[in-house]
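Guided by the hints, dock chain B onto chain A, whose structure is given.
Sequence order for the protein chains is A and B.
503 is the number that my numbering gives to position 503 of the first sequence; each next residue is one higher, with no gaps.
317 is the number that my numbering gives to position 317 of the second sequence; each next residue is one higher, with no gaps.
Do not take every clue at face value.
Label-pair ranges, simulated between beta-carbon atoms [claimed, not checked]: (1) Asp467(A) / Gln134(B): 28 to 38 Å; (2) Phe496(A) / His325(B): 49 to 59 Å; (3) Gly99(B) / Met201(A): 19 to 29 Å; (4) Ser245(A) / Gly205(B): 34 to 44 Å; (5) Leu621(A) / Asp148(B): 51 to 61 Å; (6) Ile55(A) / Ala250(B): 51 to 61 Å; (7) Asp126(B) / Pro67(A): 33 to 43 Å; (8) Gln134(B) / Leu191(A): 56 to 66 Å; (9) Gln134(B) / Leu492(A): 47 to 57 Å; (10) Ser245(A) / Gln163(B): 29 to 39 Å; (11) Leu233(A) / Lys203(B): 43 to 53 Å; (12) Ala486(A) / Gln134(B): 47 to 57 Å; (13) Ser88(B) / Phe496(A): 34 to 44 Å; (14) His325(B) / Pro67(A): 25 to 35 Å.
A few chain A residues that face chain B, going by a derived Cβ cut-off under 10 Å, partial list only [said to hold, decoys possible]: (15) Asn78; (16) Asp146; (17) Tyr151; (18) Pro244; (19) Pro250; (20) Pro287; (21) Ala334; (22) Pro336; (23) Gly350; (24) Ile371; (25) Gln387; (26) Gln390; (27) Met457; (28) Tyr464; (29) Asp467.
Simulated from the structure, these hints should not be mistaken for lab results.
Where is the CB? At the ideal position from N, CA and C, for every residue including glycine.
Given next are the chains, with one letter for each unit.
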Amino acid sequence: MATISTAIPGAMPAREAVHVHHDYGWKSWLMTVDHKRIGIMYGVTAFGFFLVGGIEALLVRTQLAVPNNTVVDPDTFNALFTMHALTMIFLALMPLSVAFFNIAVPLMIGARDVAFPRLNALSYWIFVAGGVLLNLGWVSGGAPADGWFAYANLTSKEFSPGPGMDFYALGLQVLGLASMAGALNFIVTILNMRAPGMTLMRMPVFVWMTLVTSVLIVLAFPVITVALVLLTLDRVVGTGYFVPSMGGDPVLWQHLFWIFGHPEVYILILPAMGVISEVLPTFSRKPLFGYHFVVYSGVAIAFLAFGVWSHHMFATGLGPIADSGFSLATMLIAVPTGVKIFNWIGTLWGGQIRFTTPMLFAVAFISMFIIGGLSGVMHASPPADLQQNQTYFIVAHIHYVLFGGTILGLMAGIYYWFPKVTGRLLDEGLGKVHFWLTLIGFNLAFFPMHFLGLDGMPRRIYTYPADMGWNTYNLVSTIGAFTIAAATLVFLYNFFRSVRFGAVAGDDPWDAATLEWSIPSPPPEWNFDRIPTVFSARPLWDEKYGVEGGHGHGGGGGALVAAGHRGEHASAVGAPAAAATAVAEHAGEHPEHIHLPNPSYWPMVIAFGVFCLASGIIYALPISIVGLCIIFVGVNGWAFEPAG
Amino acid sequence: MEEAPRSKKRHLLLAFAVLLLPLALAGCAESTSPQAWFGRPESDFARILQGLFDRIILIATIVFVVVEGILFIALFRFRRRPGQGLPSQTHGNTQLEIGWTIVPAVALAFVAVPTVRAIFETYHPDTTNTVKVQVIGHQWWWEFRYPDLGIVTANEPHFPVGQKATLTIESADVIHGFWIPGLGGKRDAIPTRVNELWWTPEKTGEYYGQCTQLCATSHANMRIRAFVDDQNGWNAWVNAMKSANGSQPAPDVQRGYQLFTTNACVGCHTIQGTPANGQVGPNLTRFGARTTFGAGLYQNTQENVTSWILDPQAAKPGNKMPNLHLSEEDASAIAAYLRSLK
Numbered sequence: 001m002a003t004i005s006t007a008i009p010g011a012m013p014a015r016e017a018v019h020v021h022h023d024y025g026w027k028s029w030l031m032t033v034d035h036k037r038i039g040i041m042y043g044v045t046a047f048g049f050f051l052v053g054g055i056e057a058l059l060v061r062t063q064l065a066v067p068n069n070t071v072v073d074p075d076t077f078n079a080l081f082t083m084h085a086l087t088m089i090f091l092a093l094m095p096l097s098v099a100f101f102n103i104a105v106p107l108m109i110g111a112r113d114v115a116f117p118r119l120n121a122l123s124y125w126i127f128v129a130g131g132v133l134l135n136l137g138w139v140s141g142g143a144p145a146d147g148w149f150a151y152a153n154l155t156s157k158e159f160s161p162g163p164g165m166d167f168y169a170l171g172l173q174v175l176g177l178a179s180m181a182g183a184l185n186f187i188v189t190i191l192n193m194r195a196p197g198m199t200l201m202r203m204p205v206f207v208w209m210t211l212v213t214s215v216l217i218v219l220a221f222p223v224i225t226v227a228l229v230l231l232t233l234d235r236v237v238g239t240g241y242f243v244p245s246m247g248g249d250p251v252l253w254q255h256l257f258w259i260f261g262h263p264e265v266y267i268l269i270l271p272a273m274g275v276i277s278e279v280l281p282t283f284s285r286k287p288l289f290g291y292h293f294v295v296y297s298g299v300a301i302a303f304l305a306f307g308v309w310s311h312h313m314f315a316t317g318l319g320p321i322a323d324s325g326f327s328l329a330t331m332l333i334a335v336p337t338g339v340k341i342f343n344w345i346g347t348l349w350g351g352q353i354r355f356t357t358p359m360l361f362a363v364a365f366i367s368m369f370i371i372g373g374l375s376g377v378m379h380a381s382p383p384a385d386l387q388q389n390q391t392y393f394i395v396a397h398i399h400y401v402l403f404g405g406t407i408l409g410l411m412a413g414i415y416y417w418f419p420k421v422t423g424r425l426l427d428e429g430l431g432k433v434h435f436w437l438t439l440i441g442f443n444l445a446f447f448p449m450h451f452l453g454l455d456g457m458p459r460r461i462y463t464y465p466a467d468m469g470w471n472t473y474n475l476v477s478t479i480g481a482f483t484i485a486a487a488t489l490v491f492l493y494n495f496f497r498s499v500r501f502g503a504v505a506g507d508d509p510w511d512a513a514t515l516e517w518s519i520p521s522p523p524p525e526w527n528f529d530r531i532p533t534v535f536s537a538r539p540l541w542d543e544k545y546g547v548e549g550g551h552g553h554g555g556g557g558g559a560l561v562a563a564g565h566r567g568e569h570a571s572a573v574g575a576p577a578a579a580a581t582a583v584a585e586h587a588g589e590h591p592e593h594i595h596l597p598n599p600s601y602w603p604m605v606i607a608f609g610v611f612c613l614a615s616g617i618i619y620a621l622p623i624s625i626v627g628l629c630i631i632f633v634g635v636n637g638w639a640f641e642p643a644g
Numbered sequence: 001m002e003e004a005p006r007s008k009k010r011h012l013l014l015a016f017a018v019l020l021l022p023l024a025l026a027g028c029a030e031s032t033s034p035q036a037w038f039g040r041p042e043s044d045f046a047r048i049l050q051g052l053f054d055r056i057i058l059i060a061t062i063v064f065v066v067v068e069g070i071l072f073i074a075l076f077r078f079r080r081r082p083g084q085g086l087p088s089q090t091h092g093n094t095q096l097e098i099g100w101t102i103v104p105a106v107a108l109a110f111v112a113v114p115t116v117r118a119i120f121e122t123y124h125p126d127t128t129n130t131v132k133v134q135v136i137g138h139q140w141w142w143e144f145r146y147p148d149l150g151i152v153t154a155n156e157p158h159f160p161v162g163q164k165a166t167l168t169i170e171s172a173d174v175i176h177g178f179w180i181p182g183l184g185g186k187r188d189a190i191p192t193r194v195n196e197l198w199w200t201p202e203k204t205g206e207y208y209g210q211c212t213q214l215c216a217t218s219h220a221n222m223r224i225r226a227f228v229d230d231q232n233g234w235n236a237w238v239n240a241m242k243s244a245n246g247s248q249p250a251p252d253v254q255r256g257y258q259l260f261t262t263n264a265c266v267g268c269h270t271i272q273g274t275p276a277n278g279q280v281g282p283n284l285t286r287f288g289a290r291t292t293f294g295a296g297l298y299q300n301t302q303e304n305v306t307s308w309i310l311d312p313q314a315a316k317p318g319n320k321m322p323n324l325h326l327s328e329e330d331a332s333a334i335a336a337y338l339r340s341l342k
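Next up, chain A with everything else stripped away, as it sits in the complex (with noise of 0.2 Å):
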């Protein structure tokens, strides 16, 4: 099981050869401890709930469409939005990120899998378990619907006596868990699981970006996770952290909220900015302009994100000092992240842009992102940010950093990455339906909310007046909300008619430069018959094209690459097939004797063990003395499973 003979021993195996072995039963799916199964089972369950925020948000535009409206109720509207949040941004954009982490980073590496196979599974079965706990008061007793932000000392029992902010804590303590062993798992990947030669200036900046992500979930949700602890505690044993009638400080979750909230916007965006860092080169059919600086730069927004939470607390007063401190750090954010804008436009310049879809995505990233990090700056003057803190004004920043930034940025990845997980081209020709779409639905629905908030629009009121003033720019902005959920079908009808009827895209359907496209589309399991040697930061450009063509990044000189399977490089787009010039064979590593590590069912155990533990503390304290007997089993289990 755990070795794959190929047909010929000592020649690279055939291409029908690749699939024999294969299992693709829903059974194989809930034991696959494939990097590249599990990424596909994250994108597709953060796109379910991206669906489902989607709705959420939906909901709350058609409420507010017109002033007065009676269509949900106050409690069920604060519902909706804090789920739209929460959902957004841990259940839909977070794993969607890590979907692209999972698919791309071991074949963008010269990897076989990550470093952990099987916590890989648990990371993703746990994030499951997460998702069904934080949405479980939907249907058991109240959803949450306090604010993703939950500020205490309304999360206390007395003022939110249901279930809802019982499953808010506990449902984000588990999907901490998923997080961070997923980053640590990634973390381990990239710095020890590189081919030779990859040194740490030649790695794809999404690779490097996929670090630095990691790097700053394994700082920051500690920090979420102590405060959930204290509100847990504070909710079902009575202690009073964050009570002040029992001496606790409400401001103090503030803090802790930020201190976690405000690197969660840098986990949210990097990915998205590494995505559009490998797009933008690739159909401007140059190198990144600047890596150096783009890789710095996104490692300096990473550091500062932990000095500048208290920006979101402008207005708790927390004292001229305090202010100016955090104000000074917040702009100086904006300094690495022009620098990221302005060497994305250099890649542009000079180039040969092609303008697919995965491209139009990213080419708006930068646009819409430009309009977000401006606003951003405004608020980051304190006394300025007095007057628009808690508008509308800054609802229209965060969607303009995490729609116009982070999916768009994804939507790119998906158009990018697609024929590589499927073998198969996304339509083209709806795929730009679908880009115009959004981008029109995204403006429409967003724009408008910049004038909302100049003009005194508070955010999360479920209602409002009629002579506000506020009328027009509501229903604009719900057309907008409608207008994207007609692109969202779009897609979906893109999505499912592309995977059985797209074109075949062959291995390298967009001429690119990075190691995962030297390898069949959809890749073998074992994703590299030879695990290549590399020679430059664009490898299989450098084998397409020459050295010539590349002046091979970290003097590296001779780039070269031996990828695996070779034979036709002419891609859909027509690049010459420059003829590979030498082929570096990677010592003691045969294509007939690979392994593969064993599928298993234990981490979806174990997820099940966790569940069972965390809702316990909801429900019933047995269902939590059942859930560490399941995981005790489990552990247990996977301890002791047959390595193969």
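This is chain B only, laid out in the frame that chain A set:
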């Protein structure tokens, strides 16, 4: 990857630009919102914030036009044409990198310096000879106390024009956000803390405000109507509020007075000069002089007040006032009494 014809692509981009234009222009139009803050600062405090925002928006607009301009020039100029060889494989340019690191940093300095100055200006006001107002947020209404004047009221504070007011902001339950945009920025009302705010109103009139921190069910219904009076109006208001003690109900509202003071109303509400001295709900002294009630939710009319008393939950979801199951006749009598308190 078939290329779309060049002209078609240009048309699409143009269409997009045309789409954004009316949106941008709409923002430049004079706002008709009574709660707008942008372009309508009516106090010294609000002017500091507006001045800073104006400066930032000017710099941001320049950056926006320049950067988006370069982006679109790049997209037009360097689109792929048939029959091209490989473009020059440029990896970067250190001078450029240093340049576009320094230029934004310098631009930010133009924001940062006035920001820090404004931060210190807006904190910790000097409170000598100011009108002192204690603001207390409740779920879901605002209490305003004037300790030097012995005045307590709800949801409709008054300020004298041209005289500095210093406000302390607190909360009785959960965190609220106190905000009257025309007069100045917001500060949160936080249990365990006392925040400060100040302003010298420059123009008489009515100012809309609203709670800005999510505080559960009726967060949207926690509004403020502030009034800036000229000196005479201010004196009249202060005197009326103070003279509430000892005033007797008019004969035609005696029945309402009896009902109010013998029912559960007195457990929660205070009306100065009567046995009603409850502390839970809004102080109703001089209720008849208010333009709105229910925290800015309803116009103060006989009909509205009556229907509120008949079914408070229907009038304002989640609010703490119980349904006393009064007859319509009794509710109307109480409403008439309350509205007579001018």
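Given Pro244(A) was flagged as interface, is its beta-carbon under 10 Å from a beta-carbon of chain B? Interface hint status for Pro244(A): holds (4 Å vs cutoff 10 Å).
56 to 66 Å as the expected CB spacing between Leu191(A) and Gln134(B), which holds or is violated: 58 Å, holds
Is it true that the C-beta distance of His325(B) to Pro67(A) lies inside 25 to 35 Å, as the hint says? At 31 Å between Cβs, range holds.
Taking 43 to 53 Å as the hint, is the beta-carbon distance of Leu233(A) and Lys203(B) inside that range? 51 Å, holds
Hint check, Gln387(A) versus chain B [nearest Cβ-Cβ separation less than 10 Å]: With Cβ-Cβ at 5 Å, under 10 Å, it holds.
Look at the Cβ atoms of Leu621(A) and Asp148(B) and judge whether their distance stays inside 51 to 61 Å. This hint holds: roughly 55 Å between Cβ atoms.
Using Cβ atoms only, decide whether Gly350(A) comes closer than 10 Å to chain B, and label the hint accordingly. 6 Å, holds
Given the hint of 19 to 29 Å, is the C-beta distance from Gly99(B) to Met201(A) inside that range or not? 23 Å, holds
Are Ile55(A) and Ala250(B) spaced within 51 to 61 Å by their CB atoms? This hint holds: roughly 56 Å between Cβ atoms.
With a cut-off of 10 Å on the beta carbons, see whether Ile371(A) makes it to chain B. 7 Å, holds
Hint check, Tyr151(A) versus chain B [nearest Cβ-Cβ separation less than 10 Å]: 6 Å, holds
Taking the beta carbons of Phe496(A) and His325(B), is their distance inside 49 to 59 Å? 58 Å, holds
Violated hints for the displayed structure: none, as all numbered hints are satisfied.
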